[in-house]
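Trainee: Sequence:
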Amino acid sequence: MKFLFDNRDSTDPALNLALEEYAVRNIDISHDYVLLYVNSPAVVVGRHQNIYEETDILSARRYAVQLMRRISGGGTVYHDPGNINFSFVTRHEKFKFNNYRYFNEPVISALKAIGINAELNGRNNIVVGDYKISGNAQFTSKDRMVSHGTLLFDANLDRLNTILKPGSKEIESRAVKSVPSNVINIRDILKGQWNIAEFKKYLLKHIFDSEKNIPVHKFADEQWEEIYRLAENKYRQWDWIFGESPAFFFRNEISEGDITLTIELEVKKGRITQVKLNGSLMNSIYQKKLSDRLLQCRFDPEEIRTKLGEMSTDPLPLDAWRKLLFA
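Residues 0 to 326 in numbering that gives the first Met the number 0 are what the sequence shown lists, from first letter to last.
Rather than coming from a laboratory, the hints here were simulated on the basis of the structure. Careful: at least some of the hints might be erroneous.
Stated by the list, open to error - With a cut-off of at most 30 Å between alpha-carbon atoms, the simulated DSSO-like pairs for lysine-lysine come out as follows:
no., residue 1, residue 2
1, K93, K176
2, K199, K164
3, K141, K233
4, K217, K131
5, K111, K233
6, K164, K306
7, K217, K1
8, K204, K1
9, K176, K268
10, K176, K287
11, K141, K190
12, K217, K200
13, K190, K131
14, K190, K200
15, K217, K93
16, K204, K131
17, K233, K1
18, K288, K176
Computed from a prediction, not measured in an experiment: that's the story for all the values here.
I would like the entire structure built from these sequences, with the hints used as guidance.
Mentor: Structure below.
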């Protein structure tokens, strides 16, 4: 039997990620489950990705877009109130693993039924022509698994393109890289005929073959306590979101007036472990002082700004340093 998860209409990205993980590790696997939800603005990187390489952190903070990491692999996706997220939690069976066609069939058939020529491409994305409308990923836990994805319905694509910046030229790492794609909103294909609430209701009807009497799974209060605890202790934590990024090397150069400065960093678990500075007007005493200040500092715009603010930042002003590190 198939059930719809009741997520209490949460739009909290951390809580919905925690609910998914709790379910895939604990739920009764004699049934299948569906989670259909909308998040407040967030960017969610894959388990094995480097968040610094995939996102423009300064832009995300400027626009109050939360940065998140999920337990499944794959690439980085954008969430906001115009984006629908779907998850299928089920028993882990060999034929289901990496079988994105199996899980996405009800979504694709729902789109085709309203005239959208959606297809699954070789990267497990749902596309319409040359445009991506959905990214997908999977996670397995012993005898359970989750296959989940996004649907761009009426998302802020300008914001998406501003914050998602795959392939940073300043960073070298072995992290999983996102593949840039042209994107389009489903609502634009439908020429504005539907709103997101109508589309979500239609999608549910298609997945469950029914508009009424959809079976709902409600978590017990003690289960919600565990979900809230997981959201707080894992999904909201810097060590998970940033610190789980694979080790990387960072190199950048900046010119400010008559000064040219090159910085090279090694970053492990989100913290700076090596610093090398070269440039005009950069004496060895200043280099050592600056290196000592940055070592073991989080590779984070605000923390670095605080560290540099505690000392004279000659020969560069603070804003130039931030541009150097987070251009």
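Trainee: All hints are to be evaluated individually against the structure, with a verdict given for each.
Mentor: Status of the hints after comparison with the structure:
1. For the given pair, K93 sits about 26 Å from K176 by alpha-carbon distance, which is consistent with the 30 Å threshold.
2. For the hint pairing K199 with K164, the CA-to-CA distance comes to about 29 Å; that is within 30 Å, so the pair holds.
3. With a C-alpha separation of about 21 Å, the suggested pairing of K141 with K233 holds against the 30 Å cut-off.
4. The hinted pair formed by K217 and K131 fails the criterion: a straight-line CA distance of about 33 Å is larger than 30 Å.
5. Among the hinted pairs, K111 with K233 is inconsistent with the structure: their alpha-carbon atoms are about 38 Å apart, more than 30 Å.
6. A hinted pair counts as satisfied when its Cα atoms are at most 30 Å apart, and K164 with K306 qualifies at roughly 26 Å.
7. Taking the CA atoms of K217 and K1, the gap is near 13 Å; set against the 30 Å cutoff, the hint holds.
8. Among the hinted pairs, K204 with K1 is consistent with the structure: their alpha-carbon atoms are about 13 Å apart, no more than 30 Å.
9. The suggested pairing of K176 with K268 holds, with an alpha-carbon distance near 18 Å, which does not exceed 30 Å.
10. Using a Cα cut-off of 30 Å, the hinted pair K176 and K287 is violated, with the two alpha carbons roughly 34 Å apart.
11. For the suggested pair K141 and K190, the alpha carbons sit about 44 Å apart, so the restraint of at most 30 Å is broken.
12. A C-alpha spacing of about 19 Å is found between K217 and K200, which places the hinted pair at or below 30 Å, so the restraint holds.
13. Between the alpha carbons of K190 and K131 the distance comes to roughly 17 Å, so the proposed pair stays at or under 30 Å and holds.
14. For the proposed pair K190 and K200, the alpha carbon gap of about 18 Å is at most 30 Å, so the pair holds.
15. The straight-line distance between the Cα atoms of K217 and K93 is roughly 28 Å, inside the 30 Å bound, and the hint therefore holds.
16. Distance check on the hinted pair: K204 and K131 sit about 23 Å apart at the alpha-carbon level, within 30 Å; holds.
17. A C-alpha spacing of about 29 Å is found between K233 and K1, which places the hinted pair at or below 30 Å, so the restraint holds.
18. Of the supplied pair hints, the one linking K288 and K176 is violated, its CA atoms being roughly 35 Å apart against a limit of 30 Å.
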